[in-house]
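Undergrad: Line by line, the protein sequences are chains U and X. The first sequence lines up with residues 79 to 387 when you count with this note's numbering. The second sequence lines up with residues 2 to 342 when you count with this note's numbering.
None of these hints come from the bench; they were simulated from the model. Check the hints yourself; a few may be wrong.
[Unchecked claim] DSS-like, lysine-lysine: derived pairs with alpha carbons at most 27 Å apart:
(1) U:K204 x X:K85
(2) X:K7 x X:K303
(3) X:K85 x X:K7
(4) X:K303 x X:K204
(5) U:K164 x U:K85
(6) X:K84 x U:K204
As the structure is a computational prediction, the values presented were derived from the model and not from experiment.
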Amino acid sequence: MLKFTLKRLGYMLVVLFIVVTITFFLVHSIPGDPITAMVQDLPEETRTVYLARYGFDQPLGVQYVRFIKACLCGNLGESLRYPGRKVIDIVRNYAPVSGVIGGLSLAIGFTIGILCGILAALNRNKWPDKLIMVIAILGTTIPTFVTAAVLQYLLTVTWPIFPTTGWGQAKHIVLPVLCMCVGPVATYARYMRSSVLDTVNQDYILTAEAKGVSQFRIVTRHIFRNSFLPCITMICSSIAGIFSGSFIIESIFAIPGLGKYFISAINDRDYSVVLGLNIIFTGIYILAMLLCDILMALTDPRIRYSNDR
Amino acid sequence: MSELLKVENLSVSFLSYAGEVRAVRDVSFHVDARETLALVGESGCGKTVTSKSIMRLLGRTTGVIQPGSHIYYKGEDILAMDKKRLSQIRGSEISMIFQDSMTSLNPTMTVGAQITENIRTHARVSRADALRRAEELLRMVEIPNPHERLRNYPHQLSGGMRQRAMIAIALAMDPSLLIADEPTTALDVTIQAQLLDLLRGLKDRLGMSIILVTHDLGIVSDFADRVQVMYAGRIVERGTVEEIFQNPRHPYTWALLRSIPGMAPDRKSRLYSLHGTPPDLLLPLEHCPFAARCEYCMPICKKQPPAETVLSDTHGAACWLLHPNAPRVEIPRGIGGVNRD
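All chains, full assembly: derive it from the sequences and hints.
TA: Structure, rendered in structure tokens:
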């Protein structure tokens with residue numbers, strides 16, 4: 079298992095490096111320079127000074143080497159728009175906020191979704207199944223901003239239980255988390271349902287029944303683990319999405335999260351912030367993949383043993 | 002011999018969009034203690050459905066056992082049992098092994114866990130004791146290094162070994178009846194022979210009865226005590242192995258026997274094959290179901306179903322040819338007692 083993890087970590091570094099490189103060149107292939115993009119009609123002299131200050135006057139190769147060096151030292155650059163604001167600090171300040179909301183909603187959404195999926199599959203074509211599937215379809219089709227607006231209206235205007243917007247107290251967490259877990263509940267319920275239906279028809283379930291194993295134990299010991307497997311791949315991308323946050327939710331509820339920051343950095347053409355955040359997101363995504371691989375290996379012996387050798 | 006299992010008027014239907022598929026039609030038979038009964042027939046003849054019905058394992062399919070059917074196990078009607086009693090019987094009194102051991106074992110559980118699961122479902126024993134028993138069982142089914150194998154997952158075992166593990170699971174609680182649904186079909190011929198030897202040995206040692214479901218008459222001849230030939234959901238001929246192989250009376254049995262490689266009159270000739278396909282089980286079949294494919298078909302065969310003609314205490318066949326007024330027909334050359342090598 080250790081060897082497996084180390085090997086995966088090695089691959090990860092390679093992937094990270096490639097992504098960083100591609101992003102760097104993509105960002106720099108945008109026509110025009112960042113200074114002009116931000117401030118038009120700048121006198122030529124001022125422009126040259128600014129370009130020199132950020133090193134944009136150097137050949138691309140030199141800029142790239144300098145950038146990679148800085149990355150290795152843990153310096154992901156600083157904002158062009160707001161001088162002195164470092165990418166690392168942005169992450170440090172706003173990632174935890176996104177993390178709390180995203181993490182909570184994913185954990186809740188995932189758990190409820192999986193349970194609903196199992197419930198639906200075991201009651202196939204009966205009312206619990208139909209009810210859950212209708213909710214799941216609504217959950218996937220109704221956009222979050224609609225859910226958010228409706229929830230805000232109901233729970234802050236009609237019944238004033240929670241505050242509309244804001245951040246800092248526990249009561250602020252409820253509404254955004256509620257909005258954000260609708261998606262995962264719907265997705266995982268549908269996915270788990272089809273996965274369970276698939277497992278239920280496997281021969282080994284018949285074997286278990288022929289052993290006289292109780293229905294409850296068949297579900298917990300035989301069906302759950304084997305159906306859970308395909309869902310793991312899906313958690314991976316969800317985990318990665320936690321920190322990038324949800325721009326929409328963060329905007330609606332006025333939450334100082336990373337998602338909002340990322341979008342505003344793009345709108346501001348704050349290249350170094352975009353680049354820096356992208357590296358962070360890539361890193362998190364790759365870590366999530368590793369977590370997935372480990373989870374998969376723990377759940378499925380076939381993967382575990384084929385990778386050990 | 003005492004009667005262990007008695008199936009009476011078993012009918013099973015599957016409900017499909019096209020209508021009611023009557024897979025098993027009014028089948029009655031019994032299994033004595035310590036005997037091996039073979040259910041033989043081609044795909045879709047109802048042999049597997051019959052065997053699954055005995056353990057009421059049709060649950061997740063659309064199969065419904067029709068009212069009026071009875072399956073008595075030691076005098077107790079399985080079809081009338083509540084869930085709790087049924088779980089007690091399953092796996093401990095009656096066990097089942099399936100065709101494909103790759104898919105019949107849970108890929109995410111160790112072999113040991115799958116055996117002990119059966120033990121601990123039916124008996125209050127500690128995990129350690131159950132594991133010890135599991136190891137003993139693996140040794141009994143002749144798996145080398147049983148101790149190490151307990152920790153293996155199914156994908157780490159070969160096909161033959163997996164099927165042995167299946168047998169170990171099935172025999173964990175010393176069942177009185179083992180239902181083997183095509184246990185060797187997925188294996189190659191050498192492994193087949195080894196496995197059948199093992200099963201035969203275990204059967205004698207443990208004193209259980211076996212219902213062997215197969216389409217392969219070749220393995221029946223030296224494995225079973227009695228044979229029942231099924232066709233289109235009915236039993237068309239029943240008898241001891243000697244009666245079925247020496248003196249078969251139903252044209253369908255003849256066709257099955259002639260289809261065994263190596264039993265043809267001379268080995269250079271083409272292997273016999275029965276033309277046509279079995280009838281659509283959606284049809285009511287108010288006549289002999291085999292009539293359309295039978296070489297000896299008479300007008301009556303397409304009008305009325307034949308009743309079973311009793312030939313001896315153990316031998317019976319449902320065919321109009323056995324009617325006193327029917328023309329005498331010789332058993333085809335190459336099969337039956339006279340020509341059998």
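Undergrad: All the hints need checking, so say for each whether the structure fits it.
TA: Evaluated hints:
{"no.": "1", "hint": "U:K204 x X:K85", "result": "24 Å, holds"}
{"no.": "2", "hint": "X:K7 x X:K303", "result": "31 Å, violated"}
{"no.": "3", "hint": "X:K85 x X:K7", "result": "21 Å, holds"}
{"no.": "4", "hint": "X:K303 x X:K204", "result": "43 Å, violated"}
{"no.": "5", "hint": "U:K164 x U:K85", "result": "33 Å, violated"}
{"no.": "6", "hint": "X:K84 x U:K204", "result": "21 Å, holds"}
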